[in-house]
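Visitor: Please build the complex by placing chain U on the supplied structure of chain E, with the hints as guidance.
2 protein chains.
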Amino acid sequence: MKKFEEKTIHTEKIFEGKVIQLQVDDVKLPDGNEAKREIIKHPGAVAVLALTNEGKIVLVEQYRKALERSIIEIPAGKLEKGEGPEATARRELEEETGYVCQNMKLLQSFYTSPGFADELVYLYMAEGLVKKEESLPPDEDEFVELMEVTLEEAEKLVQEQKIWDAKTAFAIQYLQLQKALTK
Amino acid sequence: MKKFEEKTIHTEKIFEGKVIQLQVDDVKLPDGNEAKREIIKHPGAVAVLALTNEGKIVLVEQYRKALERSIIEIPAGKLEKGEGPEATARRELEEETGYVCQNMKLLQSFYTSPGFADELVYLYMAEGLVKKEESLPPDEDEFVELMEVTLEEAEKLVQEQKIWDAKTAFAIQYLQLQKALTK
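These protein sequence lines map, in sequence, to chains E and U.
For the first sequence, the UniProt record's numbering begins at 1 and goes up steadily by one.
For the second sequence, the UniProt record's numbering begins at 1 and goes up steadily by one.
Do not take every clue at face value.
It does not matter which identical chain is used: a pair holds within one copy or between any two.
[As the list claims (entries may be wrong)] Cross-link-like lysine-lysine pairs, in silico, DSS-like; alpha carbons within 25 angstroms at most: (1) K41 <-> K13; (2) K179 <-> K41; (3) K105 <-> K3; (4) K41 <-> K132; (5) K18 <-> K81.
For the record, the hints were derived by calculation from the structure and aren't laboratory data.
The shape of chain E in the complex, shown without the other chains (with noise of 0.2 angstroms):
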């Protein structure tokens, strides 16, 4: 898959944060002529699309600082150096909602923003789920508050524009589809 590829002629790295890396690459295109690109390179996320054992989706509330306000979303997080995406996702599951899970299943990974990031989120579906009495504490940065609310109430938050993030929306999509070809 490398067709327009675009050659890298020089990195210049602007940033190195604790979450992501920026760099600026200027490169040749396919016609010859140069173009600048700005890259955000960031470890990969997860999302766990969690069912508890009454059919109910498990949601996180918190404060999201880039958009200056608190949405929900599934619970998710970013992948620690050497630490698969199915550990990932077992541990904030267990971080942000308590809960551990007999059965975790990959639904589908995409790239959130190809245009600027390489984020690649792996979303997967977790069910049999059991709360643990004593499990693993929160980032100590990190609060949240948990829901647990039904297919038709997810849908009404994602009209009150309260649920507005792609990888929740893609995975209450994925229940109402589910649902309609079950019918």
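Guide: Structure of chain U alone, referenced to chain E:
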């Protein structure tokens, strides 16, 4: 929606590019402790699920430098200053595919990476497509190849990871859901 608000103590602007800006905010957490947030500011973008009069999906293949590969996506592009999302959607559709459309409808909007970026994507559906003989030229640094595929072919491209981004995956799943609901 200010639950668990993180108040800004200080903002350090790191980079101002053509597409994105990077800043690092020092914030006060709900428990009084402090943390750093790495934040990408983005002008927002549109994506267009365009259906031909034969019911095929219009796709474009392009090289994504951030991924170092080409992927297949629905037509998309970022908002220009002062440009509303529907105008952007019509412009990008014409620039990338040569199509203008009679009906343009907002399906949903979502943040792509709320953990570190404020990019909001407006997803439109375009129907009543008409090929223009002399359409807007593509951006000078953009090389795209046009494809028109059935829903079944699109599903296969997802399985083969040639379609591999969130907005396109959402759009295809949207069509799958509509098909299942009208059966």
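Visitor: Now tell me if each hint is right for this structure.
Guide: Hint-by-hint comparison with the structure:
Taking the closest pair of Cα atoms, K41 and K13 come within 25 angstroms of each other both inside a single copy (11 angstroms) and across two copies (18 angstroms). Taking the closest pair of Cα atoms, K179 and K41 never come within 25 angstroms of each other, the shortest separation being 37 angstroms inside a single copy and 37 angstroms across copies. In this homomeric assembly, K105 and K3 never come within 25 angstroms of each other (Cα to Cα): the closest approach is 32 angstroms inside a single copy and 31 angstroms across copies. For the identical chains of this complex, K41 and K132 are neighbours neither inside a copy (34 angstroms) nor across copies (38 angstroms), given an alpha-carbon limit of 25 angstroms.
In this homomeric assembly, K18 and K81 come within 25 angstroms of each other (Cα to Cα) only inside a single copy, at 12 angstroms, whereas the closest approach across copies is 31 angstroms.
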